[in-house]
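Peer 1: Now for the letters of each chain:
Number of protein chains: 4
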Amino acid sequence: MIVVMKAGSTDLDIENVRKRIEGHGLQVHLSQGAERTVIGVVGHIHSGLQPEMELMPGVAEVVRISKPFKLATREFKVGETIVELDGVTIGGEDPVMIAGPCAVETEEQVMATAEVVKAQGAKILRGGAFKPRTSPYSFRGLGVQGLKILAAAGQEYDMPVVTEVVTPEDVGMVASYADMLQIGTRNAQNFNLLDAVGKVDKPVLLKRGFSSSYEEWLLAAEYVLSGGNSQVILCERGIRTFEPYTRFTVDLAAVPVIKKLSHLPIIVDPSHSTGSWDLVTPISLAAIAAGAHGIIVDVHPDPATAKCDGAQALSFENFCTLSTQMRAVAEAISRATAATS
Amino acid sequence: MIVVMKAGSTDLDIENVRKRIEGHGLQVHLSQGAERTVIGVVGHIHSGLQPEMELMPGVAEVVRISKPFKLATREFKVGETIVELDGVTIGGEDPVMIAGPCAVETEEQVMATAEVVKAQGAKILRGGAFKPRTSPYSFRGLGVQGLKILAAAGQEYDMPVVTEVVTPEDVGMVASYADMLQIGTRNAQNFNLLDAVGKVDKPVLLKRGFSSSYEEWLLAAEYVLSGGNSQVILCERGIRTFEPYTRFTVDLAAVPVIKKLSHLPIIVDPSHSTGSWDLVTPISLAAIAAGAHGIIVDVHPDPATAKCDGAQALSFENFCTLSTQMRAVAEAISRATAATS
Amino acid sequence: MIVVMKAGSTDLDIENVRKRIEGHGLQVHLSQGAERTVIGVVGHIHSGLQPEMELMPGVAEVVRISKPFKLATREFKVGETIVELDGVTIGGEDPVMIAGPCAVETEEQVMATAEVVKAQGAKILRGGAFKPRTSPYSFRGLGVQGLKILAAAGQEYDMPVVTEVVTPEDVGMVASYADMLQIGTRNAQNFNLLDAVGKVDKPVLLKRGFSSSYEEWLLAAEYVLSGGNSQVILCERGIRTFEPYTRFTVDLAAVPVIKKLSHLPIIVDPSHSTGSWDLVTPISLAAIAAGAHGIIVDVHPDPATAKCDGAQALSFENFCTLSTQMRAVAEAISRATAATS
Amino acid sequence: MIVVMKAGSTDLDIENVRKRIEGHGLQVHLSQGAERTVIGVVGHIHSGLQPEMELMPGVAEVVRISKPFKLATREFKVGETIVELDGVTIGGEDPVMIAGPCAVETEEQVMATAEVVKAQGAKILRGGAFKPRTSPYSFRGLGVQGLKILAAAGQEYDMPVVTEVVTPEDVGMVASYADMLQIGTRNAQNFNLLDAVGKVDKPVLLKRGFSSSYEEWLLAAEYVLSGGNSQVILCERGIRTFEPYTRFTVDLAAVPVIKKLSHLPIIVDPSHSTGSWDLVTPISLAAIAAGAHGIIVDVHPDPATAKCDGAQALSFENFCTLSTQMRAVAEAISRATAATS
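First to last, the protein sequences are chains A, B, C and D.
Letter 119 of the first sequence, counting from 1, is numbered 119 in the working numbering, and no numbers are missing.
Letter 50 of the second sequence, counting from 1, is numbered 50 in the working numbering, and no numbers are missing.
Letter 130 of the third sequence, counting from 1, is numbered 130 in the working numbering, and no numbers are missing.
Letter 97 of the fourth sequence, counting from 1, is numbered 97 in the working numbering, and no numbers are missing.
Hints are not guaranteed to be accurate.
Copies of the same chain look alike in the list, so a pair counts if it fits in one copy or across any two.
As the list claims (entries may be wrong) - List of simulated lysine-lysine pairs, DSS-like, C-alpha gap at most 25 Å: (1) 77 x 202; (2) 118 x 70; (3) 202 x 19; (4) 6 x 260; (5) 259 x 6.
FYI, nobody ran anything at the bench for these hints, they're computed from the structure.
Please model the entire structure based on the sequences and the hints provided.
Peer 2: Encoded structure:
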């Protein structure tokens, strides 16, 4: 931490800051410039020290110089975290496709979708049983019945399944049906829920809050990691901006930045980020080209009648196009990277 | 709802859209312009109709023309909602001051603060026992012990108390200590929590999500209202923007806009929105001038040693200045409004 | 400037950074912590040094610790800048009302408006002759003819006039008609235009870019000040956010923050920031309560037929209400401040 | 345009709206629902009609249903606009690489860069001579001397050159040296400048304003097109969001959206959007995968000593890696698209 003193701060101000810091058992390094004095603070710094310093007379600014997250950083762990679900790995060389309906509606719908996405190379089946909805008057999912349908489809087509959990008390129950637990964007700072999934023995798919900075997102992961669960996959799903044309603005720079900062795998959700089925394929390809470890997409037998977010779901036909193109881009990236490294 | 057809849509496209709408038991009004056809839809419209229409051939755009919230609107209720807690009213003529520490730390701290804020005219005591924190390594509050301290201070100084609840299973327990339940900005779309506070018999202070639009915020209120709890107070607490100097950007236009749209009271939090104690007084005065029904501010006996958000807390001395100035502005507004209406 | 080295940086990395800094004639202060080394840089720092350091091996981060603007800061100038136009002062105790039509349309329109706003206490007349419009198909103003009408109205009603200039080559010509030159939000980073108004002998009303940070806004002012023109008034006019209900989000925290950072006067535009006439009065009152040195509002004899932004213009009647209420708030603030200081 | 009446509007309100619309020579289509009346307006609608209607008694909302841009839309022109500069085409099948230094510093620097980027497959040389800078104290470019150096390098290596023009009066002069004129992000709504480049016979590279919506960006293009210059290339270069880690947030969904709305070519600037050289390659590949017609990147012989934006410039070595990988992705996309269409 660096404490920058005001141009007109007095010797007494500086002395008081020095004493306060040393009183916390920390070391002080003074750097007196022509215009202003800068005080470096060395040692294990308590989170309350920054506001404390900011309020002292003569202090202009307090600058933090180390990141607030630890277990999620590359400095903490050498190499990559590779998450495994029933033989499917996320975080390695090959990008993974996770696909399925936004919401579980009927057994027929889920079975039909599972059959197609499996045949096209998807490795994990998605489907929502508990749906967070902006309006209380919208369809909120089938609940436990939905979990049963999803689990049955996973078994039938030999695919691990991922589904969202929305409240701490449901975590154990949802984990008994699902192979991976999803934390949605609106719960990205629901800290009790993050605590709860930090204590189960199932991987967690952690969506970025639609207004979370990278740092807040990694701190959300830190909740899960510090709870004891090291199997976290990050998912970029678009952030809120001023642009009204797309539902959110997908931030693909997140992919290389997160890979630089953290050892955790990162995937992209092109469906919820754009909100339009015809943007899903280009954004999926772009995500893979940017280095994402996979994508998670909405697929529906009949998007026009979907109970939830039909405008962004791919039809079976469109999903086939996506999977073919995605394989081609993934291979090109893999070959090109090999050739230039 | 209005369905706008593409410039090049065919008669068949239009016919299909018409049939689909009528198939849902709705009425169709066709308006054929020189350039394009517009189809009005009349009747009770199901939430899935919009995406369904958007996906039909020939459709350019679907425009919603009625608001998705109902119970929160002025069209639903004539007059103002006035919330009452032990004789204190929020939503009437006089703006209310809610004050106290961000986090409950010790009995001495809360008692000392309660004494001062009560003497200066605050009507309700605030204090956090369960603190949502961005980092898992920050102080997360005293929990039940904190609730007891807060309730005792409320009793001692004869002030109703408000405190945050962060997870559905705690709602009953927190309600047994508190006179009003606060939903924090990070839980503004925690729908299970909103459901839970919709079922208790205590007023709810609903903070705006820091990335919630007015519409999403009113829909969050709609969750509480539709659960059966009509005592909701809205609280503007700043939104996330690109400006890094303040912690959030306080949106004071929310005050007159919400008063136009809804019958619910609206107050402003100048502490969390700005993040700096020296901005709290000007923003409080501005909030009152804009028509807010009150403010909620952080006050601490010694901001420099606060365990949470000390940089934004007012000292006792600064709180006295605020309360004096706020009274003056409130009276001026009240007199001026009377004179011009 | 502070250079933070990576956790794993070598002695050689540190030595190289030290040499590079000293090679620029600057002094180095080393602070070696248990985890990482931090290097303070003292002396007059060239703007290219930060990226240069960021690219050196072993460097984790480079933190700037002094502000990039100079002439606009309180550190540069003691006291307040008070701008004077023909006996009207902006930046002193009394908040100033600037009012008039968004666009000059006819002589009758401007004369009628000037008469009313003058009678109601406005001190400066506004009116646009060159209008920046998002669409090339919108009304772009009367040009020189508009300037003549505005100047004539100013003379008739003895009010200084302010109008926008949109391109460097027009600066001299516009300055020959106007008492103050306005730089609009879309030209807030039109640096050639800022250079040009920096060389004239007329005050400049500098609107905040709708996506400018405080720092960028003050740097825009710095262009004018460093060009030799010290008469700059800043104008908050709303920033772009995700909220669609208002045209922009008015950022009233800008008022106390700018007053803390800079000696320049700051006013608020409640018309363009909100885009709705019925939000203009509450936001004007809030601006004054927050400490603004004035407001600039759109007024029109018949808002419904205005050629530009009619939805945000006040009718004469509504302007009278505003001016009455504003006086009351200004007096209350003035008395309350006196009582508590 | 659709006028939605309030729930409680009277027959007189509706009659008045009808008369006002018909008074403008437009046709009215009434649609009376159980809850509210909706009025469709048919005919050529003047831009001032919307605010006029919004201010009438009984009107709840006015909804625009046709886009405000015309010449830029796919409805106006069938097929794609392909821009040609000396035999180089932009907008066709093959994505184009534009590369060179951010700012022209010396002849040696530009010549060395041109040689390398040409050898690696870049088709157009970029280089800034007039640099818009946030601070008046930063390097603002070599001006005419810079143009001469750039033109000489273009001639030497047989590459068309693109450079920025920042003020209307320079347009003719800059066009005498450059093959394509760039409008920078800070001038995206400098309408006089857009007018000026609309009148020259050189292609225009139009960067998106960092806070421009797609609609505002296409309206900026509309200025150039309606001035008579049909050779416009759009360039996504990142938008301003709350995320501080990258300089801007690159919005790659802009690529497929703009291709859907407009016939104009669209390229991506991965350098200015991210601000970090190590994000340039992944974002370039992602842009191509999303369907961009090309990229424009900063390359510098020695990024650490660049006078402008060195942190984002690629070294020659890194540019070689980029060009190899980009070719691989472009081929994969091309093959995959062919196979699935």
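Peer 1: Please go over all the hints and tell whether each is borne out by the structure.
Peer 2: Hints versus structure:
1. When the C-alpha separation of residue 77 and residue 202 is checked against a cutoff of 25 Å, the pair qualifies only within one copy, where the shortest distance is 20 Å, while the shortest distance between copies is 48 Å.
2. In this assembly of identical chains, the alpha carbons of residue 118 and residue 70 never lie at most 25 Å apart, being 37 Å within a copy and 43 Å across copies at closest.
3. For a Cα distance limit of 25 Å, the shortest separation of residue 202 from residue 19 qualifies neither inside one copy, at 48 Å, nor across copies, at 48 Å.
4. Within a single copy, residue 6 and residue 260 get their C-alpha atoms only as close as 35 Å, which misses the 25 Å cut-off; across copies the closest is 13 Å, which meets it.
5. For the identical chains of this complex, residue 259 and residue 6 are inter-copy neighbours only, at 17 Å across copies versus 38 Å inside a copy, given an alpha-carbon limit of 25 Å.
Checked against the numbered hints listed earlier, the structure breaks hints 2, 3; every other hint is satisfied.
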